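Student: Take a look at the letters that make up each chain.
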Amino acid sequence: MLGAHNSESRDLSEETAMAKLLCQYRENTCMVDVTKLLLNFTQLESCGKCTPCREGAKRMLEILQKICDGMGEMQDVDNLELLCRVVKGSSLCALGQAAPDPVATTLGHFRNEYEAHIKEHRCPAGVCTALVEYGIQADKCTGCGICLEACQAGAITGEKDAPHTIDKAVCTKCGSCIQKCQFDAIVRA
Amino acid sequence: MANMTLTINGKEVSVPAATSILDAAQGAGFFVPTFCHDPALPSYGGCRICVVEVKGARALVASCSAEAANGMVVETESPAVVEARKTILELLLANHPADCITCEKNGNCRLQDYAYRYEVNPSRFGGERHNYPVEDNNPYIVRNMNRCILCGKCVRICEQVPDRAVVALAYRGFNTKVAPPMDTDLAESDCAYCARCLLVCPVGALTYKNMIGKGRQYEIRKEPVTCSFCDAGCTFDINYKGDKAIGVTAKAPGNGRPLCLKGRLGLELLYVDDPMAPMLKKGDKFVLVSWAEALGFDGVLKKLKELKK
Chain A
1 MLGAHNSESR DLSEETAMAK LLCQYRENTC MVDVTKLLLN FTQLESCGKC
51 TPCREGAKRM LEILQKICDG MGEMQDVDNL ELLCRVVKGS SLCALGQAAP
101 DPVATTLGHF RNEYEAHIKE HRCPAGVCTA LVEYGIQADK CTGCGICLEA
151 CQAGAITGEK DAPHTIDKAV CTKCGSCIQK CQFDAIVRA
Chain B
190 MANMTLTING KEVSVPAATS ILDAAQGAGF FVPTFCHDPA LPSYGGCRIC
240 VVEVKGARAL VASCSAEAAN GMVVETESPA VVEARKTILE LLLANHPADC
290 ITCEKNGNCR LQDYAYRYEV NPSRFGGERH NYPVEDNNPY IVRNMNRCIL
340 CGKCVRICEQ VPDRAVVALA YRGFNTKVAP PMDTDLAESD CAYCARCLLV
390 CPVGALTYKN MIGKGRQYEI RKEPVTCSFC DAGCTFDINY KGDKAIGVTA
440 KAPGNGRPLC LKGRLGLELL YVDDPMAPML KKGDKFVLVS WAEALGFDGV
490 LKKLKELKK
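So the protein sequences, as listed, match chains A and B.
Mapping of the first sequence onto this note's numbering: position 121 corresponds to residue 121, and the numbering continues sequentially without gaps.
Here this note's numbering = 1-based position in the second sequence + 189.
FYI, nobody ran anything at the bench for these hints, they're computed from the structure.
Since we're looking at a predicted model, the values are computed, not measured.
Glycine included, C-beta positions come from ideal geometry on N, C-alpha and C.
Hints are not guaranteed to be accurate.
To be verified - In silico DSSO-like cross-links for lysine-lysine, where the CA-CA straight-line distance does not exceed 30 Å:
#: 1; chain 1: A; residue 1: Lys66; chain 2: B; residue 2: Lys275
#: 2; chain 1: B; residue 1: Lys491; chain 2: B; residue 2: Lys440
#: 3; chain 1: B; residue 1: Lys275; chain 2: A; residue 2: Lys119
Stated by the list, open to error - Now the stretches of chain A that chain B is said to cover, found in silico as 3 or more residues with beta-carbon under 8 Å:
#: 4; stretch: 40-48
#: 5; stretch: 58-64
#: 6; stretch: 78-87
#: 7; stretch: 90-96
Just chain A, same shape as in the assembly:
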């Protein structure tokens, strides 16, 4: 993710060679969530000497968490962009100057994912727990009852050999059912 935002104008191989790291993400990775993960690292590594990195990285992380929790507003995206410019431009060391890179990159290339989280309350990759729902496809469900046993919250109901249903108000989104289902009947979206 380092430097990929200007890969059009610069040699990407040079950038990645400098970073000695190339991460590959698939469609099942939420770009907001992975940005949060990367920024969490820099925020933990921040020494706390200079204001932009100490306070700025913390606030960026909080904004990303807010977006992942489905509480984001479009103003948050503007604030993220502002913090990207200021933390990059005025931090004391390279750690602080590089801290906003993942945010700037994902905002540049995957802005639609941020907007989906904020405007549609939807996580396109189905990662952010607050924004996903579990459901059972009636045509695939055989009514075997395995998910019913696996559900610790007691959210799944249904008769044997008949399609089961998930009570979304009770579901804790733990994912146990989807792991146990052998017929791919349970969807997370």
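Put chain B on the given structure of chain A with help from the hints.
Tutor: Just chain B now, with coordinates in the frame of chain A:
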């Protein structure tokens, strides 16, 4: 020494080599805000409020810790600089209590002044704030670390007296905090209450206990006096509200002398209408002592009394 010629805001400025951009700009009459910079302390470059734009530089430059060079083109109030300063202030305010109405520093606070100058939005960033307990278990200094902006000046000025170095920066990242050893409090540390840290604190994190509730900064008139308890000649301020002397505060250390509590207490007794009660640490506790003991005259007084007999 060779001179460096640079351009600041379109004005050609010539300064001796090894001058900081900050000194060059301020010397040429341009405003540059600072929190962590103090000419008497080692350079730090942590607060980043003094950033300026230098043509050709990769990022904004902290003017306090960068030296002026020949041919440099510097802008001290460009849009990028103003945006950075404003955002830094907003970030500081996001983790600073909005208690200016009861803060002793109100009216003489750099954070307040700069926030006013740059028209900041104090509520742009929400989120977690520190909630440290206010430390007032010693008789002289109240520490409110929620107000601290971590400029580190108190740490550097305390370190200048080698056998003191009472406070340091503890923890890291967002949890960074100025603390005595083992993150206890001043009462448990070796602090001598010389108040050097109070000289430099740009905000209301450190307060003189004897000044609390006695007057607002803009009501107080300060008159400097030189302490005559020893030959170092530190300077103190007698604070007046109207005609009444309300308390003594430290102004500047004398040569080779770190300022001291004895001097401040002595001047308090000498000048202040209602001087504070002298307290000294005995064992683990602060106890009320006689003025003679606080000022170290009890031995002499005892002998004088014997001579009188």
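Student: All the hints need checking, so say for each whether the structure fits it.
Tutor: Hint-by-hint comparison with the structure:
Distance hint between lysine 66(A) and lysine 275(B) is fulfilled; the C-alpha atoms sit about 23 Å from each other, no more than 30 Å. Between lysine 491(B) and lysine 440(B) the alpha-carbon distance is near 33 Å, which puts this suggested pair outside the 30 Å criterion. Taking the CA atoms of lysine 275(B) and lysine 119(A), the gap is about 29 Å. The hint holds against a cut of 30 Å. Check on the stretch 40-48 of chain A: 6 of its residues sit with their Cβ under 8 Å from a Cβ of chain B, so the three-residue criterion for coverage holds.
Only residues whose beta carbon comes within less than 8 Å of a beta carbon in chain B count, and the stretch 58-64 of chain A has 3; three or more means the coverage holds. Coverage of the stretch 78-87 of chain A by chain B holds in this model, with 5 residues showing a Cβ closer than 8 Å to a Cβ of that chain against a need of three. By the rule of at least three residues with a Cβ nearer than 8 Å to a Cβ of chain B, the coverage given for the stretch 90-96 of chain A holds, with 3 such residues.
Of the numbered hints listed earlier, the single one contradicted by the structure is hint 2.
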